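Could you slot chain B onto chain A? The hints should help.
Number of protein chains: 2
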Amino acid sequence: MSVERLEKKATIDLRKKHVGPSCKIFFSHDPIKIVQAKGQYMYDETGQRYLDCINNVAHVGHCHPDVVKAGAQQMELLNTNSRFLHDNLVLYAQRLQATLPDKLSVCYFVNSGSEANDLALRLARQYTGHRDIITLENAYHGHVSSLIDISPYKFHQLSGAELSPFVHVAPSPDVYRGKYRADHPDPAAAYASEVKDIIAKVHTKGRKIAAFIAESLQSCGGQVIPPVGYFQQVAEHIHKAGGVFIADEVQVGFGRVGTNFWAFQLQGADFVPDIVTMGKPIGNGHPMSCVVTTKEVAEAFMSSGMDYFNTFGGNPVSCAIGLAVLDVIVKEDLQGNALHVGRYLANLLEKQKEKHALIGDVRGCGLFVGVELVRDRLKLTPATAEAQEVIYKLKEELILLSADGPHRNVLKFKPPMCFTGEDADLVVEKIDLILTELEEALGLKLPNTVTIENDSKKRKLSTDENGDQYPNSLLHSREGSPRVPQQTKHLKT
Amino acid sequence: MSVERLEKKATIDLRKKHVGPSCKIFFSHDPIKIVQAKGQYMYDETGQRYLDCINNVAHVGHCHPDVVKAGAQQMELLNTNSRFLHDNLVLYAQRLQATLPDKLSVCYFVNSGSEANDLALRLARQYTGHRDIITLENAYHGHVSSLIDISPYKFHQLSGAELSPFVHVAPSPDVYRGKYRADHPDPAAAYASEVKDIIAKVHTKGRKIAAFIAESLQSCGGQVIPPVGYFQQVAEHIHKAGGVFIADEVQVGFGRVGTNFWAFQLQGADFVPDIVTMGKPIGNGHPMSCVVTTKEVAEAFMSSGMDYFNTFGGNPVSCAIGLAVLDVIVKEDLQGNALHVGRYLANLLEKQKEKHALIGDVRGCGLFVGVELVRDRLKLTPATAEAQEVIYKLKEELILLSADGPHRNVLKFKPPMCFTGEDADLVVEKIDLILTELEEALGLKLPNTVTIENDSKKRKLSTDENGDQYPNSLLHSREGSPRVPQQTKHLKT
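Note that the protein sequences, when read in sequence, are chains A and B.
Each residue of the first sequence is one higher than the one before, counting from 1 in the UniProt record's numbering.
Each residue of the second sequence is one higher than the one before, counting from 1 in the UniProt record's numbering.
Watch out, some of these pointers could steer you wrong.
Since the list gives no way to pick out one identical chain from another, each pair is judged satisfied if it fits inside one copy or across any two copies.
Unchecked claim - Below, in silico cross-link-like pairs of lysine to any residue (SDA-like), each with a Cα-Cα straight-line distance of 25 Å or less: (1) Lys430 x Val228; (2) Lys295 x Pro31; (3) Lys103 x Ala269; (4) Lys69 x Gly39; (5) Lys179 x Ile32; (6) Lys205 x Gln73; (7) Lys331 x Glu422; (8) Lys17 x Thr99; (9) Lys69 x Glu4; (10) Lys17 x Gly305; (11) Lys69 x Ala98; (12) Lys379 x Glu354; (13) Lys24 x Lys355; (14) Lys16 x His407; (15) Lys24 x Leu323; (16) Lys69 x Asp327; (17) Lys208 x Ser164; (18) Lys8 x Phe309; (19) Lys205 x Pro165.
In short, the hints are calculated from the structure, not lab data.
What you are looking at is a predicted structure, and each value in this text was computed from that prediction instead of being measured.
This is chain A alone, in the form it adopts within the complex:
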């Protein structure tokens, strides 16, 4: 197969004709045609090389030869469904299990993060006999009907969206912009208490909670790092209500956070979810995914009497690819790389924050980093247009980055795990130049912010856009409770 078969214009025209217009493309006014990729680099039809800072699906690097080889060899040999015994399936289940706490021992193999989260809801409902779900503000859990319902990130796009009666939305545990911030004495408890209040309200309506579901770190929601202890306390409330805790690792699992293999483990060894869902990076681009749960939940699901069959799920090719991805993560110490390069990248970005008024917050773990742009560090006015400008200018510099979050003002770093220090240098250098230009054009300066940071006592309370008074997070960014990771401490790198 040749690398390019059509002129770019012909590709665009055919796409307009035959591909659903809801399927959006990056840089729609001047989209990129990518024809090849390797490691952390993508190549367009003219041979131009882009640095890829966004594709967390190409986890161990685009087109990793070990993964390609494992897939190709197994495709030649056998690809069939899981109604026949096959070693790849059971060896892969065993290997995945070994990365998780012991009680998470039973796997269901499916084809996508959406299928995984939908199955998680089915497991939770069957196990608990309850129906209602608590989800987080700005959460995204997938594109099938049952998940749009629990994904405020999606259903808020609908004109006239109505919340399903069985879905309850808790505040996002965002200590930068959320309801309880870094200056709060115990944001973890405060956010968990919001979940407790929801449970109480649900009970007064005679309804019952099947599950609390959360991405271990919110990605589309704005690269949000929940305060340590939040999941434990939520789990306590949820378990008391007879529900289960679902940790959605679709975006952030498989070593990306550097210190741990799974992002829920950032909360501490005392936290174990009842169900974990996986996705994107699991097959380095191959359509596959997995749900892992406890024996108790799995047995309750079976006792319903309904079989579970997934035509493609757990086929020998997918499992061979899954095994190869796990092998490469170990062989190339990609979790270690995420830790070190992530720390390096975060430090570079922290320095940019000291220099650029537009950078309100830098947060992240390993190679999952968010840079929140604001027009005003006190009011936290989202710098949405500026974030878009950064993305577009970076594209001109052959760097792929994206902006997300409810205000689309958070620059999202989630590159392939082979991302290097030099790559970090390059992207931060370009961001520095773009922000400098932008700030000059806007007449934005960093007047006293640095001073303020160093001398918080001089500062006054500011007024947010809703007119409420609140202490700016910067004011207290060195004063949080010991369990509260401060903004800079979010950088678990």
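Just chain B now, with coordinates in the frame of chain A:
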């Protein structure tokens, strides 16, 4: 990767430990370990060769070298999401579209039949602004929450299953065992009229129909071939109610029916669904799938304001594989093979019906054939245990076949499309021997049935298990209305 890495017992033990117990295996008392496959043959760990009569997913033959090569080459080059332009995506969309009526011009690429059917429901609901769905008795449309609701085949497995208030179940258009049979003057109109009645009832409740969904030929439901004209008349009723017609081709598309590329086309050129969903055979085992609809439906979906993004859907590897599958179907004339070998197989089975009392009906199109086993040709008492016995005995003869339908008494043929006349000879020869033995053991004979068939005037009306009098379908099997395909004419081969 070596072909076998564990002893069979170790594989079984690990599976019990780490794979969801709801995921059932074939022949659970003595499951088969398959390590390799080629064409229509599968090989176990001892090298024994099984003839595969059931894997419609391995559509162009297990591990077809052209498909493997296309997948492997593209995996080496690039595998990323559809937010970048890529020729494979648009060329594949164009090629798929060319197999369909012109008005079905817009594609959405997803990862499984379940994702496809769920998206079809979302499209239908957004386009119509309605919510309710009419589905068929014994239908199976997938495993995600929204589809369990519309799959009686699944939700009847649940103890205490409750029908969702927005789901309405119409009788399966089964002219052998259903409400209106081959002797009815116009079963197509009669079954369609049932749908019309449901619509009227739904309207009296103040509800509105978003869609009618049906497999073009019911597979799990018992290899049911709807009478010609049924879909047209249903579509008329549904359109009048403001709903759309969804044809689910997940099991039966891509030339399997022999005379046509799509099974809905068996209804005639005057029938065009509003949405078509694809799945299983589309990638010869690779996890991929597609929804195709009209420009109007696609534009209405976009106007909701919600983007549609599917991480793996339409990636360059999946599309390369999809293109290769289409190429092989043409190059090897597999649709033609389905037509000819299907006809040959059906004729062999028809002869068995003349010989074996247990065979109540033989029906099918191309390489999609059902043999319904009954204990009594007049009462149609399902021969469920006997069907299981046939399946188990065939396994001993190294032939893989399955039994399905609401009574699990329909032998289901849906082999890879490279199935040959010799393969058909072999399986039918073995079935002949097994049925002979079974009938001897049961003391079952074919007393006058053949005579009856040849001299229907001698026959009396019989009494079915509910005590109702009805004319046995055999009685009138040569007397249906011209639009009603008779049982033997169902063999559109």
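Can you list which hints this structure breaks, lowest number first? Result: hints 1, 5, 6, 13 and 14 break, sorted rising.
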